[in-house]
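Listed below are the residues making up each chain.
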Amino acid sequence: MSLSIEDYARVARPEAVERLRQLARPLTGARVVHVNSTREGGGVAEILAKLVPFMNELGMHASWEVLVGERAFYDCTKRFHNGLQGHVVELPPALLRAYEQTNRDNLDRLDTTLREADFVFIHDPQPAPLLRLCGERRGRWFWRCHIDVSRPHRPVWKYLRPHVADYDASIFSLADFAQPLPHPQFIVPPSIDPLTDKNRELQDEEIRAVRARFGIDPDRPLVAQISRFDRFKDPVGVIRAWRLARRFLPDVQLVLAGGGASDDPEGAQVLADVQEAAAAEADCHVLLLPADAHRTINALQRTAAVVLQKSLREGFGLTVAEAMWKGRPVIGGNTGGIRLQIVNHHTGFLVDTPEGAALRLRYLMDREDLRHEMGEKARRFVRDHFLITRHLAEYLAMMVALRRGMSSRVSLS
Amino acid sequence: MNGQRGVQSDVYDSRERLCSRVGSFAVMDCALVTLATGRRALNLRELAEHLRVVDLDSIYYHFWGTLLRPGFDHPEFNNDFAAWARHALHDYVLAERLAVVDPAEYEDLEDLRRDLLDIIEERLDEREFVPWARSGQQFNFLTAVLVVFDTHVRLDDPAALPSAVAEMSLGSIFYHFIDARRRDPKGLDDFRAWLCGADGRYRDLCSALAALDPYFSTLSQTRRRLAALLADHLGKAGL
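Sequences listed follow chains A and F, in order.
By the count of our numbering, the first sequence reaches residue 396 at its end, each step adding exactly one.
By the count of our numbering, the second sequence reaches residue 237 at its end, each step adding exactly one.
Chain F on its own, in the form it takes in the complex (with noise of 0.2 Å):
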């Protein structure tokens, strides 16, 4: 995954090839495998001192790879500093606030990564004590190996998009739904690129699309709730 939006070109490659199709969406989808970056943080002193120099791509993992792998369908917390905050630290203030962050908001990943810091070190002020964790219940940074490959499905008019998305499978919403908004310079998730790329006709829909935040759902949700919104805009054939 990348720190920043749109610096991988093997992935501006594959947008070229799929805008050059004469309108036509390539559907992709990608499969998460998780690694351990040695970084652990057993009180919330170091928790703050990983956070100032771990890769933005760890960061991103926290808050958006949660989504990807193994988790309960009705998560308590969203990120994972939140989720340890709270179960670790048993500080239900930090971990409220912690959780109340959608990286949905941040263009660039070092803002997030500022305001992370500005919460906890508020916090590291606002306690007499560090809190610590109990020994086997570190945080863990963690970041990912995001494996991109195509489907082979082709989608040549907009109106097949309810019912593709619907089959869809978790990788692919999470490809051209979530990680395709740090790939694209103006943060625009594959569907918009696409709709949009047609002279204004599906501009109400990419506003919905745009409206649709994705952090507070799990992938089946989401692309339950994407599919339904498709066919409001586009008809329900094949839904």
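Isolated chain A, as found in the complex (with noise of 0.2 Å):
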């Protein structure tokens, strides 16, 4: 079913799609490119999947590309993701090459369109060689990086820096993330569409039919992290916090469920690693699912008691918003975007450790009172905050000011 920008009117707050219309009329017939590297898998490929054609709706006519490349392609930019967050890796001159010759190679085929474009969306660093390569642009190009790039291994940023340079503006989700650049920084946190099939509500009758089809027992409590198999997710740590606190709790089960984003080699090895961990647990369910299985991802959601998102570190964590929409706490790590969606305390817990989580775990199971309660301030509070509507709405004021000159003050009257 197509969804109207209307029809958020009914869950976020009612004034919220005036607005955006409000803000979207100096930029009618605009035109917008976004590019990334994915078309599904991960929270990146969401938001643009609602982002353009809302964008379109309100008057300009925008587009969404995505980059074609090799493995070697992705080997590199794996490397680069991994390197941004901090990790160690090595950047041989072969995987810089194939990176810097598929994005020659994807600009021969979007030449036209990014030279064309009003505003250009760059998504994290796959495309970023693009504006370098694009001579003669016209339009104003934004560098989005949705990674967390806060202690990034120096040699990675140190390569990548000059490719994002000459941008117009990046974006950042979080203020910590932002680095020394020569161009206005903007802090944008992403934000999750309640009325996706992740998001939106469920008949119990579906829920029910996807706790038997795992093999999850129904009369017993169940909880969740719902992520990537990526090694920043800490799956393996989720499992040993479950053990900890199964020693209290015996009748808890655990859910790990992901799936692989396209742009990902490393999915399948950290995936291999949990399966091992898991092997011996029979409560413990370790499902990889198809990038398409959003109504299961939201049953299963649906079904835990609690939601865990013990990242180690993370660009944002939209999984915790996605948990907190329907109504469950959340226990997350204490890093990047998950400190701005998690208040400590109120909407669920931050934690640094296994032991941290195994205790919030038997506090929260303990009492289902609070669950609710914290379940019910999470929901009000990501409708506020991390509804796509505001997202939308800074995309389109961000696009207003860079046009006009970036003053501390913008009127379109």
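Incorrect hints may have been included.
Claimed, not checked - To spell it out: a stretch of chain A is covered by chain F in this simulated footprint if at least three of its residues, at any positions, have a beta carbon under 8 Å from a beta carbon of chain F; those stretches are:
1) 0 to 10
2) 146 to 159
3) 165 to 177
4) 380 to 386
Hints were generated in silico from the structure; no laboratory data involved.
For glycine and all other residues, C-beta sits at the position ideal for the given N, C-alpha and C.
Please dock the two separately framed chains into a single complex, following the hints provided.
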């Protein structure tokens, strides 16, 4: 079912949609291009799947282009990803050549679109070189960084910085992530779409069916981490926390569920490690889900009493907002954007260790009243701050501000 | 946002247009987009050094911008400096001293800057060591672009204000009740600026509006308090 932006007035604040129309008015007819490296899998693709049609509905001509590359390109950009998040990685010259060549190859296809655009949003490091390759551009170019780059492995940042320095502006999810760059740096947290299959209300029957499909006992409580199989999400640490908690809560089941992104070649190895760690545990369900299993993820989050997102590093961690939107308290790693979403002791708990996660798990599983109270607060918090309507409003305001010369106050009257 | 009150001509233009419409009130709205300034402090001395030179817009943002940012309904502290002193430096004394500073009392943000520096320097004198934050908990000096737009809603009669305010977006409340004080040479919010022009009929209401301090409330709480106050003085029609 195709949703209109008007449908969002029902779930966001009623005035949110009218605000979008007013902010978009000066941008009517503008050509907007988003470029990233995957059409499905991961939070960036999910956000773009909605932002682009919304921009069109608001009177712009928006499109979404995806880079096409070979394995060496994705190997290289995965190393960028890990390196930007602080891991020590090697950047062999052959991989860097593949990275640059892939961008040149894609420019051949995208050249006209990019040159003629009024606004170009380049998402993450994969397409970053396009700006320097695209000679006579007319529009404003944003580099949108979705990754936690607060403490990057320096050789990686040293290589990437010249590719992003010439942009008109960059956008980071948190102030901590901003880097010294010679242009304005906007701080825009990402968002969830409350009306997609992943977040909309589900019938109990469908939730029951998902539990049955994966052999989850409906009569015993469940906790879950729904996240890509990525070392920074610390799935093995979640198993350790659950084992610690199980000494006191022997009935609790654990689900670790996630898909792989098509631009993440490391996912299979991490999944194998998790399966090995969970092999002896009948109540630990490790589920590799296809990229389009949105309703399944939705059902798993709704069937969980508590949701974990025990990341060690995190660009933002949209799964936190997803679970909170479903009225679930979240135990999250004390890092990155999770700190913005979890108000400690109000909408969930921030933890630094598996032991901390185990403690909070025991506490919440013992206090049903508190789970409900925190879950309610969590849902309200997401409605007010982390829905896609707020995200889009900030993009529109940013575009207007950049077009009008970036003074501290811009009047559209 | 402006460093000083009333230096932004485009906003004056809109105020003049508003006043020239035979007393009608133009309901505006605004969106705030946050920007990094590139200034970061990892300890209290660095905070003071940046505070001494940072643009006044940034100081304004760390007091008032919190209202338009993701935040919880019952924040422990209402300005970012106090919150950082408490949660990153773990200096409870400094946090309390900074928390009690009410920016609504300052006509000139330079005075606010000076008082903040006095508090911080006094604390530095008292402490044996300069308090440091853990890596990753630095204070990021931020600022913002305020994008102002017209909702095309016009109020011709003050009696319509209670219900109109109750329906206003939080951006409109921020723009007319908080941001307006920086734009107006006398420091008036837009409601008072409109009502006070009506031959003194609304003097009591204007006094009551002046007494409403928005600093310790969220914008939705301020909206409720404003709507109730306006209804008390102008009637509850439409509420």
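Going down the list of hints, with the structure as the test:
1. 0 to 10: With 5 residues close enough to chain F, the hint holds.
2. 146 to 159: holds (count 3)
3. 165 to 177: With 6 residues closer than 8 Å to chain F, the region 165 to 177 of chain A meets the three-residue bar; holds.
4. 380 to 386: holds (count 4)
The structure shown violates none of the earlier numbered hints.
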